[in-house]
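Q: Heads up: the sequence shown begins at 1 in the numbering used here, then just goes up one per residue.
Calculated directly from the structure, the hints in this document are not laboratory data. Hints should not be assumed to be uniformly reliable.
DEER-style ranges, computed between Cβ atoms [unchecked claim]: (1) Asp111 <-> Ser50: 31 to 37 Å; (2) Pro169 <-> Thr57: 33 to 39 Å; (3) Pro72 <-> Asp149: 25 to 31 Å; (4) Thr54 <-> Ala110: 38 to 44 Å; (5) Arg51 <-> Asn105: 32 to 38 Å; (6) Val114 <-> Pro47: 27 to 33 Å; (7) Gln148 <-> Gly56: 30 to 36 Å; (8) His53 <-> Pro122: 20 to 26 Å; (9) Asn105 <-> Gly56: 25 to 31 Å; (10) Glu133 <-> Ser108: 17 to 23 Å.
Only pairs whose alpha carbons sit at most 25 Å apart, straight line, appear in this in silico DSS-like list of lysine-lysine [said to hold, decoys possible]: (11) Lys103 <-> Lys82; (12) Lys44 <-> Lys160; (13) Lys103 <-> Lys160; (14) Lys103 <-> Lys44.
Quick caveat: nothing in here was measured; it's all calculated off a predicted structure. Backbone N, C-alpha and C fix where the C-beta goes; we use that ideal spot for every residue, glycine too.
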Amino acid sequence: MMYVVRARRATAVSAAVAGVLALSACQQEAPSATLPPRAASVVKTYPVPSRNHTSGTVHYPQSPPVGGNHNPLWINCGIYDKPIPNENAVHSLEHGVVWITYKPNVLSQADLGVLRTLARQPYMLMSPYADQETPVVLTAWGKQLEVQDVRDPHVAAFVKDFLQGPQTPERGAPCSGGYDPEGGSAVV
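Please put together the full structure from these sequences, using the hints given.
A: Listed below in structure tokens is the structure:
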């Protein structure tokens, strides 16, 4: 009788383990060569120790900045043809924006068109930024991706992963009704 109970218990445990393994295998995404790689594999993550409102110029350790103290007024989301103030852009990052910056006079009009198409969605900023190392940089709060080519699959993956992403301190806060910089033309 003891042998039958142990055998049944062993069978039940084996079945439970097999069920858990089968369930976990079903829940994992199957790798696909057609899907762009997850942006997190090439994204730089930076600690952002503070996010206080301040007036005046802030000296950020990254260029473009990824977060930190910032102007009390966010910049309106949109596409700007002139540089925008870091302090206002950082406030927008705090609201969940992805900021696309590009080196002036480096990209073709076709490449700029690709970026403009991407930047036309809600919670996006786009502006030239002379003081960056690569032609294109995507920035979210505490996250940054540098790319040479606007068609790099990590670009779309970054936007998908970090636009209003889990790193956002004030997810859903406004992206309009803020600062509209003089000299910049927001085009949406």
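Q: All hints, please: hold or fail.
A: Here is how each hint holds up against the structure:
1. Asp111 <-> Ser50: 31 to 37 Å: At 35 Å between Cβs, range holds.
2. Pro169 <-> Thr57: 33 to 39 Å: 22 Å, violated
3. Pro72 <-> Asp149: 25 to 31 Å: 37 Å, violated
4. Thr54 <-> Ala110: 38 to 44 Å: The hint (38 to 44 Å, Cβ to Cβ) holds, given that Thr54 and Ala110 are roughly 39 Å apart.
5. Arg51 <-> Asn105: 32 to 38 Å: For Arg51 and Asn105 the Cβ distance comes to about 33 Å; the hint holds.
6. Val114 <-> Pro47: 27 to 33 Å: 31 Å, holds
7. Gln148 <-> Gly56: 30 to 36 Å: Given range 30 to 36 Å: holds, Cβ gap about 34 Å.
8. His53 <-> Pro122: 20 to 26 Å: 24 Å, holds
9. Asn105 <-> Gly56: 25 to 31 Å: Roughly 30 Å apart at Cβ, these two residues keep to the hinted range, so it holds.
10. Glu133 <-> Ser108: 17 to 23 Å: 19 Å Cβ-Cβ, so the 17 to 23 Å window holds.
11. Lys103 <-> Lys82: Holds: Lys103 and Lys82 sit about 11 Å apart, inside 25 Å.
12. Lys44 <-> Lys160: Given pair Lys44, Lys160 holds - Cα atoms ~16 Å apart, limit 25 Å.
13. Lys103 <-> Lys160: With Cα atoms ~23 Å apart, Lys103 and Lys160 stay inside 25 Å; holds.
14. Lys103 <-> Lys44: Satisfied, since the Cα-Cα distance of roughly 19 Å is no more than 25 Å.
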